[in-house]
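Here is what each chain is made of, one letter per residue.
Protein chains: 2
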Amino acid sequence: MKPHDTRTVQVELGERSYAIHIGGGLLSRPELIVAQLVQKRVAIITNPVVGDLYLGRLRSALAALDVAVVPIVVPDGEAQKSWETLNRIFDELLSHRSERRTTLVALGGGVIGDLTGFAAAVYLRGVPYIQIPTTLLAQVDSSVGGKTAINHARAKNMIGAFYQPRLVLADTDTLGTLPDRELSAGLAEVIKYGLIRDPAFFAWLESNLENVLARKPEAVTYAVARCCELKAQIVGADERESGERALLNLGHTFGHAIEAGAELGAWLHGEAVAVGCVLASRLSQQMGLLGEADVERVVALFRRARLPTQPPAFGAARYLELMGVDKKIEHGRLRLVLLQSIGSAFLTAEFAQASLERVLEGREDAHASHG
Amino acid sequence: MKPHDTRTVQVELGERSYAIHIGGGLLSRPELIVAQLVQKRVAIITNPVVGDLYLGRLRSALAALDVAVVPIVVPDGEAQKSWETLNRIFDELLSHRSERRTTLVALGGGVIGDLTGFAAAVYLRGVPYIQIPTTLLAQVDSSVGGKTAINHARAKNMIGAFYQPRLVLADTDTLGTLPDRELSAGLAEVIKYGLIRDPAFFAWLESNLENVLARKPEAVTYAVARCCELKAQIVGADERESGERALLNLGHTFGHAIEAGAELGAWLHGEAVAVGCVLASRLSQQMGLLGEADVERVVALFRRARLPTQPPAFGAARYLELMGVDKKIEHGRLRLVLLQSIGSAFLTAEFAQASLERVLEGREDAHASHG
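Residue numbers (numbering that gives the first Met the number 0), protein chains in the order written: chain G, 0 to 370; chain H, 0 to 370.
Be careful, since some hints might not be right.
[What the hints assert, rightly or not] Sample of chain H residues with no beta-carbon within 12 Å of chain G, all distances over it, derived: (1) Asp4; (2) Glu83; (3) Asp90; (4) Arg96; (5) Thr147; (6) Tyr162; (7) Trp203; (8) Gly235; (9) Arg302.
[Unchecked claim] For each label pair, taking beta carbons as the anchor points, the in silico distance ranges come out as: (10) G:Ala34 x H:Ala316: 38 to 48 Å; (11) G:Arg28 x H:Leu64: 21 to 31 Å; (12) H:Ala152 x G:Leu64: 57 to 67 Å; (13) H:Leu64 x G:Asp51: 51 to 61 Å; (14) G:Glu349 x H:Ala62: 28 to 38 Å; (15) H:Pro198 x G:Pro47: 34 to 44 Å; (16) H:Arg153 x G:Asp51: 28 to 38 Å; (17) H:Leu263 x G:Lys39: 35 to 45 Å; (18) G:Pro47 x H:Trp82: 24 to 34 Å; (19) H:Arg153 x G:Gln339: 48 to 58 Å; (20) G:Lys39 x H:Ala62: 34 to 44 Å; (21) G:Ala236 x H:Thr347: 38 to 48 Å.
[Unchecked claim] Partial list, computed: chain G residues near chain H (C-beta under 8 Å): (22) Lys39; (23) Asn86; (24) Leu93; (25) Ala120; (26) Arg124; (27) Gly125; (28) Ala148; (29) Arg153.
Read the hints as simulated data drawn from the structure, not as lab findings. Backbone N, C-alpha and C fix where the C-beta goes; we use that ideal spot for every residue, glycine too.
With the sequences and hints as input, model every part of the structure.
Now the structure itself:
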């Protein structure tokens with residue numbers, strides 16, 4: 000894809016506004032990065048897998064524009080969203096005497112983005128950072144909107160900050176090296192956007208899913224850009240999740256419970272979100288909001304995206320316990336994002352406990368699809 | 000002191016504005032706290048010393064207004080500004096299922112305030128908090144303005160956030176139990192405010208220092224309130240320290256070097272700041288800004304406040320090394336807050352290295368005053 004095919008989405012947050020550029024070849028356009036630097040000095044945080052593929056290219060491109068680069072490579076995996084890894088990053092920054100004007104650059108997926116964003120939020124009480132997401136999940140979701148976090152031993156993303164990047168560069172060429180399973184996991188968040196607030200986009204996905212799965216540049220760029228537009232609208236209206244932004248958590252309360260209850264790393268985040276969206280749809284159906292046919296459309300699209308749609312058999316009691324430490328709890332009552340229809344989500348604490356338990360037991364469908 | 004003697008200073012920061020109440024008996028006025036709660040639930044973070052003195056009183060006062068209280072007692076001392084202690088706080092909050100609407104309350108000195116403020120900044124990506132400072136240092140400085148932090152093994156306050164409290168309650172009665180040495184340490188910051196931007200306040204201190212040392216309520220409340228007014232003006236104009244707020248660091252670059260170079264805990268922060276202010280005055284004198292008589296006024300006032308005025312003999316090279324990891328470094332050049340005159344500070348990178356080294360060697364005065 001040529002540079003002129005780049006799409007740009009603006010996140011409007013007053014003095015914290017920034018651009019998301021989406022398209023092919025962006026890693027070779029360091030001038031987009033340099034325009035955002037306060038000083039020609041960056042620390043690039045990445046992992047060995049992404050680093051081997053893209054760090055050299057990004058480094059040379061930046062060096063050609065006289066940008067000093069400190070690379071910081073941390074191991075791969077969700078377990079790295081920890082105090083220990085964060086402290087390793089601080090050690091490296093301190094040993095290179097990184098100052099308030101040094102910009103941190105996250106080159107990688109959601110883990111690298113969350114970790115780097117939180118490091119930037121708290122190092123010297125805040126330094127600038129740029130997101131260069133290299134997975135579909137990170138491009139459509141975690142790199143946009145400033146939610147940063149690390150995990151606590153007892154719950155995911157418990158410790159973090161709302162802290163906006165200066166720029167997001169989503170180079171869709173990097174999706175070419177993404178394993179199929181991770182592409183599918185990213186598609187779970189893509190489908191989620193359609194479910195939350197864009198029935199036309201949901202229908203577009205029903206017509207174009209195979210083109211996205213085949214990584215056709217036009218389809219991928221459209222899908223990523225549409226998700227970023229939807230997220231930018233939501234974040235622009237509610238940066239700190241006091242209202243509408245909570246809708247982005249569709250499927251996430253269930254999903255986090257699955258991730259927390261299973262062995263660490265057994266489920267990809269997107270896989271758990273896919274099941275979570277299905278559970279939210281089923282509970283919405285129990286409440287008479289969605290019809291059987293709607294639920295089948297939801298399940299069918301996730302399946303075509305090669306995603307699981309059946310919850311692991313933890314039992315309702317264990318699910319409720321796992322969901323009890325969720326951040327969205329208020330006044331001790333569990334709140335969930337449910338669906339009025341495909342394309343319209345809402346947040347509510349009004350649902351029957353029996354319906355919830357029935358859905359958590361997976362009683363509607365006895366055929367597990369996740370191995 | 001009766002409630003009607005309370006002074007109130009407003010910190011103007013748009014939607015993050017808040018009040019500082021200063022006076023006697025405030026711990027027995029829980030309605031001031033309740034007015035700021037989103038939910039009648041607080042976690043009070045304190046240490047054993049302050050907890051023994053004041054936790055019971057505060058807890059009963061809040062309980063009488065139906066506020067649920069979770070007390071979290073962490074050990075005393077600067078070493079507690081660590082990941083480990085922060086994680087202990089998160090563990091307690093999680094085990095009590097503290098939600099986004101639970102307010103954290105810092106009951107203690109600077110360590111408790113910095114730790115609690117940072118915990119509030121990052122727990123669930125941000126929960127409300129209230130400062131109840133019980134030391135002079137915390138009342139005039141660390142509890143106001145939203146600077147929160149923990150230490151890194153290699154440098155103080157390296158990891159933190161700008162995160163404003165909802166309310167500051169400075170009960171001057173709590174200073175009655177403060178050890179003399181800590182009262183003096185707090186006075187270092189009080190004198191600093193006069194040096195930075197209020198020559199009349201500096202002169203008031205020259206006339207009234209003994210009344211403050213004797214903890215006369217009227218003098219103490221006036222001094223605390225004047226410092227809070229000055230800090231509120233500065234923070235209101237420059238919340239994130241991009242300009243004027245840096246002047247509050249008068250004496251702190253030198254002071255942090257002293258704290259970092261000496262054995263942990265050997266110097267109180269205020270003691271190091273006192274020496275730092277003297278060093279800044281001497282360097283300003285070397286540059287022809289302050290006269291010998293001005294420097295003598297500065298030294299004399301710190302001495303009357305029973306504070307050290309002579310730097311430990313680390314040698315200039317070690318000082319420069321210790322100052323090299325300071326947050327205020329920009330483009331690799333050391334910047335310092337110096338004095339144009341008593342009551343007028345400025346930030347500069349323009350000073351002769353030889354003058355700095357001469358001052359760091361303490362060559363002006365061979366008589367050490369710190370044991």
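These are the hints, each one checked on the structure:
no.	hint	result
1	Asp4	35 Å, holds
2	Glu83	9 Å, violated
3	Asp90	8 Å, violated
4	Arg96	7 Å, violated
5	Thr147	8 Å, violated
6	Tyr162	9 Å, violated
7	Trp203	32 Å, holds
8	Gly235	17 Å, holds
9	Arg302	33 Å, holds
10	G:Ala34 x H:Ala316: 38 to 48 Å	40 Å, holds
11	G:Arg28 x H:Leu64: 21 to 31 Å	59 Å, violated
12	H:Ala152 x G:Leu64: 57 to 67 Å	35 Å, violated
13	H:Leu64 x G:Asp51: 51 to 61 Å	60 Å, holds
14	G:Glu349 x H:Ala62: 28 to 38 Å	32 Å, holds
15	H:Pro198 x G:Pro47: 34 to 44 Å	59 Å, violated
16	H:Arg153 x G:Asp51: 28 to 38 Å	30 Å, holds
17	H:Leu263 x G:Lys39: 35 to 45 Å	37 Å, holds
18	G:Pro47 x H:Trp82: 24 to 34 Å	25 Å, holds
19	H:Arg153 x G:Gln339: 48 to 58 Å	53 Å, holds
20	G:Lys39 x H:Ala62: 34 to 44 Å	57 Å, violated
21	G:Ala236 x H:Thr347: 38 to 48 Å	43 Å, holds
22	Lys39	10 Å, violated
23	Asn86	7 Å, holds
24	Leu93	5 Å, holds
25	Ala120	7 Å, holds
26	Arg124	5 Å, holds
27	Gly125	7 Å, holds
28	Ala148	7 Å, holds
29	Arg153	5 Å, holds
In the structure shown, a violation is registered for the earlier hints numbered 2, 3, 4, 5, 6, 11, 12, 15, 20 and 22, in ascending order.
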